Amino acid sequence: MKKAFLLTLVTLGAAFPSISIAQSKNDLVGTWKLLSVSYVMDNGQTNKEPYGPHPTGFITYTADDRMMATIAFDGRKPLSVNDFITAPAEERAQAFSTFVAYAGRYTFTGDKVVHHVEVSSLQNLVHTDQVRLVTLKGDRLSLRMPSSPVGGVSHDAELVFERIKEEPAR
Amino acid sequence: MKPFLFLPVLLFLIPALGTEYALAPPKSDLVGTWKLISAIDTTDKGQIVRNVYGLNPTGFLTYTADGRMMAIITDGGRKPLSVPDRVSAPAGERAEAFATSVAYGGRYTLDGDKVIHHVEVATMQNVVGTVLTKSRFSVFQSRFGESHCWLSHLPFFT
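Here the protein sequences line up with chains A and B, keeping their order.
Per numbering that gives the first Met the number 0, numbering of the first sequence is gapless, rising by one per residue and ending at 169.
Per numbering that gives the first Met the number 0, numbering of the second sequence is gapless, rising by one per residue and ending at 157.
Keep in mind the hints are simulated off the structure, nothing from the lab.
Treat the hints loosely; a few may be bogus.
As the list claims (entries may be wrong) - Just the calculated beta-carbon pair ranges, DEER-fashion:
1) B:K44 <-> A:S23: 51 to 57 Å
2) A:N81 <-> B:R49: 36 to 42 Å
3) B:D65 <-> A:V80: 34 to 40 Å
4) A:N42 <-> B:V130: 44 to 50 Å
The structure presented is a predicted model; accordingly, all values stated were derived computationally and were not measured.
Ideal placement from N, C-alpha and C gives every residue a C-beta, glycine not left out.
With the hints as constraints, model all of the structure from the sequences given.
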């Protein structure tokens, strides 16, 4: 009986390696390029392109527990004045609304990652813990963020990333 | 005046307590996360402007072993938005928040005593697709003159 149980466990483990092997931090470490962003609103409606069809974004997790993310909407225009301080206020306001960046420490527990924010384009995020539900499948990383209010509407957001494999810098 | 172009400038390796490298460091010296200590601007007239990002700015710069970099710096004394939402906060607050933060990311390469940032994403869209070259010795020419930031490697400061 005991033998049969063990055999079943081993068989299950072989058939579903993801069950028997928890996701480790090493699976997260590296730089990931944003592929897509989608929102599911409280009323059930979905928005497949809240950042435009081709947003640009990166998130980096380092082996020594640091993270940094920068995400920009598709279709952002250069400022009319090549200076982020003296450009017209309305252009700066618009540029601010279409960009997110933050950095800090992170902790990873296999099914979720917590970003301990130390610096952010949105100052309100500093010293907060941002919890993201993690799904890792090969070179794809999904981060889901339940109930975040943006633009006055609460929604669940999902960001999907692909691992970047770069040539080492020379 | 806080020129964007000098922001992520190169590093002064504090851990070695003043030891400067005569040559470009091997890549392994660069890889890791760096915390901003201070930023200084030198105008084209040779005037030194200290505290370019205000007192106690917050900033990090990460170089990975596989050739990626990302940087973010915000001014000291920055206030939260009255509405915690980057879209629906008052426009004046958003404009101010934009002027007090810089961030960008992309690939990096090394060329002698310089590190070159190939910008792929940035708060200021104008620099996306451009190449920013930083002197290894933390001083370089920006359009406003020489500028540099001092950064320390995190493990030595936490």
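What hints, given by number in increasing order, does this structure fail?
Violated hint: only 2; rest satisfied.
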